[in-house]
Structures are given as C-alpha cells and as structure tokens.
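So the sequence lines, in the order shown, correspond to chains B and Z. Note that the first sequence covers residues 0 to 465 in numbering that gives the first Met the number 0. Note that the second sequence covers residues 0 to 200 in numbering that gives the first Met the number 0.
Read the hints as simulated data drawn from the structure, not as lab findings. Just so you know, not all the hints are guaranteed correct.
[Unchecked claim] On the chain Z side, residues computed to face chain B include the following (Cβ under 8 Å):
(1) Q27
(2) N79
(3) G95
(4) Y169
(5) F194
(6) N196
Just so you know, even glycine gets a beta-carbon here, dropped at the ideal spot from N, CA and C.
Each chain, letter by letter, is given below.
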Amino acid sequence: MSKKTLFDKVWDAHVVDTIENGPQVLYIDKHLIHEVTSPQAFNELEDRGIPVFRPEQIVATADHNTPTQNQDQPIKDELSRKQLEQLSINCEKNNITLYQLGHKYNGIVHVMAPELGFTQPGMTMVCGDSHTSTHGAFGTIAFGIGTSQVAQVFASQCLLLTKPKSLRVSVNGKLKAGVLPKDVILYIISKLGTNSGTGYFCEYAGNVFEEMSMEGRMTVCNMSIEMGARGGMIAPDQTTFDYVEGREFAPKGNDFDKKVAYWKTLPTDEGATFDQEYFLDAADIEPMITYGTNPGMGIKITENIPTEDNASFKKSLEYMNFKAGESLINKPINFVFIGSCTNSRIEDFRVAANYIKGKQKADNVTAWLVPGSKQVETQIIEEGLKDVFDAAGFELRQPGCSACLAMNDDKIPQGEYCVSTSNRNFEGRQGQGSRTILASPLVAAATAIAGKIIDVTQEIEELELV
Amino acid sequence: MQEVEMEKFTTLQSKAIPLQIENVDTDQIIPARFLKATDKKGFGDNVFRDWRYKKDGSVNKEFALNNPNYSGTILVARDNFGCGSSREHAAWALTGYGFKVVVSSFFADIFKGNALNNGLLPVQVSEGFLKQLLNTIENKPETEIIVNLELQTISVADTNLSEAFEIDAYKKTCMINGYDDIDYLLSKKGTIEAFENAASI
Numbered sequence: 000m001s002k003k004t005l006f007d008k009v010w011d012a013h014v015v016d017t018i019e020n021g022p023q024v025l026y027i028d029k030h031l032i033h034e035v036t037s038p039q040a041f042n043e044l045e046d047r048g049i050p051v052f053r054p055e056q057i058v059a060t061a062d063h064n065t066p067t068q069n070q071d072q073p074i075k076d077e078l079s080r081k082q083l084e085q086l087s088i089n090c091e092k093n094n095i096t097l098y099q100l101g102h103k104y105n106g107i108v109h110v111m112a113p114e115l116g117f118t119q120p121g122m123t124m125v126c127g128d129s130h131t132s133t134h135g136a137f138g139t140i141a142f143g144i145g146t147s148q149v150a151q152v153f154a155s156q157c158l159l160l161t162k163p164k165s166l167r168v169s170v171n172g173k174l175k176a177g178v179l180p181k182d183v184i185l186y187i188i189s190k191l192g193t194n195s196g197t198g199y200f201c202e203y204a205g206n207v208f209e210e211m212s213m214e215g216r217m218t219v220c221n222m223s224i225e226m227g228a229r230g231g232m233i234a235p236d237q238t239t240f241d242y243v244e245g246r247e248f249a250p251k252g253n254d255f256d257k258k259v260a261y262w263k264t265l266p267t268d269e270g271a272t273f274d275q276e277y278f279l280d281a282a283d284i285e286p287m288i289t290y291g292t293n294p295g296m297g298i299k300i301t302e303n304i305p306t307e308d309n310a311s312f313k314k315s316l317e318y319m320n321f322k323a324g325e326s327l328i329n330k331p332i333n334f335v336f337i338g339s340c341t342n343s344r345i346e347d348f349r350v351a352a353n354y355i356k357g358k359q360k361a362d363n364v365t366a367w368l369v370p371g372s373k374q375v376e377t378q379i380i381e382e383g384l385k386d387v388f389d390a391a392g393f394e395l396r397q398p399g400c401s402a403c404l405a406m407n408d409d410k411i412p413q414g415e416y417c418v419s420t421s422n423r424n425f426e427g428r429q430g431q432g433s434r435t436i437l438a439s440p441l442v443a444a445a446t447a448i449a450g451k452i453i454d455v456t457q458e459i460e461e462l463e464l465v
Numbered sequence: 000m001q002e003v004e005m006e007k008f009t010t011l012q013s014k015a016i017p018l019q020i021e022n023v024d025t026d027q028i029i030p031a032r033f034l035k036a037t038d039k040k041g042f043g044d045n046v047f048r049d050w051r052y053k054k055d056g057s058v059n060k061e062f063a064l065n066n067p068n069y070s071g072t073i074l075v076a077r078d079n080f081g082c083g084s085s086r087e088h089a090a091w092a093l094t095g096y097g098f099k100v101v102v103s104s105f106f107a108d109i110f111k112g113n114a115l116n117n118g119l120l121p122v123q124v125s126e127g128f129l130k131q132l133l134n135t136i137e138n139k140p141e142t143e144i145i146v147n148l149e150l151q152t153i154s155v156a157d158t159n160l161s162e163a164f165e166i167d168a169y170k171k172t173c174m175i176n177g178y179d180d181i182d183y184l185l186s187k188k189g190t191i192e193a194f195e196n197a198a199s200i
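Sequences and hints are given; from them, build the entire structure.
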C-alpha cells in the first residue's frame with residue numbers, strides 16, 4: 000500500500016466521482032454559512048427551482064455584519080439589518096439551523112462550530128469564508144469557497160475540485176517564553192511568503208503543534224490562507240479527541256469510541272511524501288508584528304523593518320507611514336483590537352487578562368475586546384476575566400467579526416494604527432485609511448497598557464527574574 | 000429547471016488597463032463595507048473604490064482605471080492577484096465594471112475559481128511576458144490584446160509577442176459553452192446518493 004498523508008486519507012474518503020482529465024466530485028460533510036456570502040446562492044437556487052439537497056448538514060450563524068453593542072436592540076444600519084433578515088428568511092424556508100444574533104450559540108462561524116462539536120476530525124467542511132481553514136486544526140479538510148460554490152453545495156452537497164498539491168511545514172524545538180501560536184504562524188508566513196501556499200493544502204507537523212492546545216492549533220490553521228494555502232491541517236491526537244468529546248453535537252458513547260478508532264488512523268503515514276516541505280526551528284521564533292499591508296510582511300518585534308527596492312514594498316510602507324530600516328518599538332498606538340476568528344477564543348482572553356491584571360490601559364488607547372462567540376463571552380464573565388478587563392479600562396463587547404473587517408460600526412479611524420489580533424493587514428481592512436499591525440493577544444495587551452509598541456520579550460524576562 | 004445564462008467565452012480582442020501592483024487582495028477589489036447587498040448587482044460601481052477615489056471623495060487621477068489613456072475589458076495586474084478573502088463579490092465587481100479577462104503572473108486559488116464561475120477569464124502568464132505586456136501597454140495604450148481561449152494563447156496584436164496559457168480542460172469547456180458546475184453536479188445526483196448510502200464512517 001502506498002503511503003498516504005493525512006490530507007490524502009480524508010480527501011480520498013470523500014471522492015464521489017472523477018471526471019477524466021478534469022476535477023473530482025468531492026463530498027462535503029458540513030457546510031457552514033453566514034449572512035454575507037450566502038444570499039446570492041439562495042437566490043440562484045430559487046431562480047433555478049433547485050431545492051437545498053441536505054439542509055441538515057448546514058449550520059448558519061450571523062457574524063460578519065453584526066453589531067458588537069446592544070445586540071438585543073434592532074440593528075440601526077438598514078442594509079445590515081436587511082442582510083440578517085434575509086439569512087433568517089432563507090434558513091427558515093430551507094429548514095437550516097440558524098444561530099442568529101443573541102442566540103446562546105451565536106458567534107463567529109469558525110469559533111462557534113468547533114465549540115459546538117460540529118467540527119470533527121476526518122470531515123470535509125466548507126464555508127463562504129477564506130478562514131474556514133481554521134477547522135483543519137482537527138484534522139479536517141476545511142476550506143473557503145465562493146458564493147457560486149455555496150450554491151453548488153446547497154444543490155448537491157458536493158464540489159468539483161482538482162486535488163491540491165501537498166505541503167508540510169514542520170516546526171520542532173522549544174518555543175521561547177511569550178511566543179504564542181499567533182507568533183508561530185506569523186513567523187511561518189514571514190519566512191515563506193504570502194503566496195507560498197497557493198495551490199497547496201498545508202500540514203503543520205512537529206512537536207510545537209503536537210504540544211499546542213486546540214485553540215492554538217485553530218489560530219495556526221486559520222492563517223493558512225494568508226500564505227495562499229486553501230487549507231491547513233494538524234493530525235488529530237488525544238488533545239483533539241479530548242476537545243471534541245462531550246460537546247453538544249459531537250458523537251456520544253459508543254459512536255464516539257468508534258469515531259476515535261477511525262480518527263486514529265488518519266495521521267500521515269511514516270514515509271509519505273509531500274510536494275513541498277519546510278523545516279523551521281522553534282527557537283528562532285520571537286513575538287512577531289507586521290509592518291506592511293500583507294500578512295507576509297512580518298518581523299520579530301525587536302527587528303527593524305527591512306529594506307527592499309520594489310514599488311509594491313514602497314507603496315506598502317508609504318501607506319503605513321513607516322520607513323525602511325526603522326524599529327517599531329515605542330511607536331505610539333491609539334487602537335488595540337483583540338478578537339476575530341484568529342484570536343477570540345477563551346485562551347486568548349486568558350492570556351490577555353493574565354498580562355493586564357493589576358495594570359491600567361494607557362489613556363491614549365481605545366481597546367476593544369470582542370469574544371468569538373456567546374459561549375466565549377459567558378466564559379469570560381464566569382472566569383472573572385471581565386472584572387480584570389473592566390478594572391484596567393478595556394471594553395468587552397459582544398461577539399462577532401467586528402473590527403477584523405469593519406463591516407459593522409467597529410472601524411479604526413483614518414490614518415490610525417491598530418495593533419490587532421486579527422488576520423489581515425490589507426489597506427483599509429479595519430476601516431478606510433486604517434493601518435493594521437498584526438500581533439498576538441499578548442503583544443496586543445502589552446501595547447494597550449503601554450500606549451505604544453514595546454519589547455514584550457524584555458518584560459517577560461524581567462517578570463521571570465522577579 | 001432553468002438553464003444558466005453564464006456568458007460564453009471564445010476569443011476576445013481589446014485594449015487593456017495596466018495595474019502595476021503586486022498582491023492585489025480582494026479587499027482592494029471590493030472593500031468590505033460594500034458587501035451588504037443580497038444580490039449581485041452594482042458591485043462594478045465600487046470596484047477598487049479606495050484606489051479610484053481619494054479620501055475626500057475626489058477622483059484619484061493617478062490610478063490606472065481613471066487614466067483616460069487606458070480603456071478596454073482586459074485588466075493586466077502584477078503577481079499574486081486576488082489574494083485574501085473568498086468574497087465572490089470581487090469577481091462580480093470586476094465583471095460589473097466590464098472586465099472579461101484578468102492577466103497576472105499568479106492568481107490566488109479562490110479568486111481564480113470565483114472568476115471562472117462568473118465568466119471572467121484568469122490568464123496566467125510568465126513573469127517575463129507580463130513585464131513585456133505591461134511595458135507595451137504603458138508605452139502604447141492603444142495596443143490591442145488578443146485572448147484566444149480555444150487555442151489558449153494571449154498575444155499582442157501586430158507583434159510577435161504571444162504566450163500560451165494553461166486552463167483546466169473541464170473549466171475551459173464550461174467557459175466556451177457557458178456551462179456551470181451546478182448543472183454537472185445535479186446530473187450526478189444518483190452517484191452522490193449512492194456514495195452517501197455506502198459511507199460507513
């Protein structure tokens with residue numbers, strides 16, 4: 000028998016048919032939808048008189064375009080309100096489960112689905128959102144699709160796809176204190192580049208990922224798309240099984256045991272080959288920040304911005320109002336955002352609260368904390384983290400995608416810098432003219448306290464000395 | 000059931016607009032604040048919104064789309080076009096504005112699929128050819144570009160400049176005939192149901 004990768008095993012188990020010299024028909028187990036990329040797909044089906052084929056395999060939530068304040072009141076923005084109403088109508092018409100605004104299971108699609116046990120190893124999952132790669136943390140083939148494909152899955156529970164090439168990124172060794180999963184993935188993207196993964200599905204391997212929590216693995220897989228890879232995967236192991244077990248929609252009892260026996264067969268076979276492999280040393284990674292307008296433009300927080308002689312690089316620095324060769328340490332920052340499908344899980348808020356405890360937010364900083372789901376919000380309150388945030392002057396808001404893409408009112412003003420735990424630092428991503436600096440929840444929290452970017456590594460060393 | 004009316008594509012001859020920017024992400028093609036619509040109409044008005052207009056709302060005359068010298072239905076951009084968000088609104092914005100072809104030396108996966116599903120042909124060329132193409136257009140904006148999907152070639156009219164491009168054979172058939180994937184998938188329903196019944200895991 001030929002040696003197979005994790006990706007091969009899951010992919011091959013879902014191939015319904017193969018077109019000669021063409022794509023394959025891939026079966027999709029779970030389809031997640033939200034208000035922004037689904038309405039046109041529903042319209043298309045309705046126009047063509049095609050019913051939704053497997054509504055029970057679809058789960059819907061409202062997240063991209065929802066307010067993070069006063070969620071119990073009608074949404075003020077008319078277009079946003081209509082888009083959410085349309086989702087409710089479409090779900091009701093087609094018998095699709097919807098966790099709408101205010102529901103105890105509502106949240107960012109990539110936070111609520113794993114949390115509820117929808118996401119399970121060995122599945123194929125899609126969503127009209129490029130950060131669907133998040134679910135790969137469970138050993139799931141999960142990827143973002145366009146709205147035409149949303150309609151295809153509605154109609155047939157399948158997609159026509161050409162099998163992507165395989166890529167493995169191995170990170171081994173011991174991570175330094177203060178280096179979080181976000182730093183690991185920002186480091187990988189800064190080394191490999193923003194389009195290094197295009198055409199590939201990426202497996203993350205090595206002891207660094209094996210030792211990571213599920214929350215951390217989700218942060219890593221989430222940003223696979225930022226190096227161009229449609230998806231990222233991490234082999235399921237005991238950490239995965241423990242996370243899934245007991246969740247609302249996870250298999251129970253004997254069913255669960257049978258699933259685990261199958262899930263244990265999924266990791267990549269010893270000796271399986273990849274089309275591309277990279278090996279990185281954990282000891283080389285430090286807390287990271289970005290300085291440019293794509294997520295590949297990242298540096299260690301202590302490094303200076305590099306110098307490159309090309310027009311796109313210069314355009315990028317000009318937008319950010321940074322100079323080649325300068326350090327970002329001590330740059331005043333007025334906005335801090337901790338949230339998004341990358342870093343809005345309970346662990347992220349624990350890290351932030353742990354750092355913030357007993358300190359005060361700098362006066363110049365507006366700091367928004369936006370939980371990824373209602374369940375995370377509840378946990379923040381129950382664990383007493385909200386008290387820490389309140390006392391330090393941070394604002395805990397209600398769940399949603401929020402300032403990650405600024406579709407709602409959570410916009411960073413023109414020209415302002417925002418140290419953000421989100422995933423994209425594209426021009427205007429957080430509001431017209433806003434300037435995004437991507438970082439971990441620890442770096443974001445430290446920035447909010449100092450009112451400027453600081454060398455958090457030094458502080459950690461000092462803390463440890465005490 | 001109604002047949003789809005995706006536009007058929009065989010050959011196109013047009014002038015082109017040069018976009019000398021790398022890593023054009025879909026947030027630039029159509030910013031998130033314009034994603035609140037529930038239909039596919041009107042996105043063309045806001046394509047490259049924040050590059051076409053200045054902060055005060057006035058037209059940015061330096062941006063290629065606003066340069067009166069350039070016109071046509073072919074957009075020629077630099078490396079890694081369409082990265083970032085999966086929003087198909089980016090493809091709707093480009094077709095809404097009137098583009099039928101985008102040329103680059105590299106396309107992001109999801110964008111490429113979205114473009115093909117909307118009758119917008121992504122033509123991937125070598126870096127060398129792209130450079131020559133951009134130079135030619137900038138030096139002579141009235142240059143006509145010919146894209147022949149059947150032969151899978153892109154050439155500059157009245158010159159020897161030409162290159163072959165690749166496209167998935169299935170997708171090529173779809174583009175030429177105006178088919179879309181839903182028709183094909185629905186024709187496979189029996190096989191899909193058999194797959195579901197056989198699934199043991």
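Exercise. Which of the numbered hints are not met once you compare them with the structure shown?
Worked result: 3 and 6
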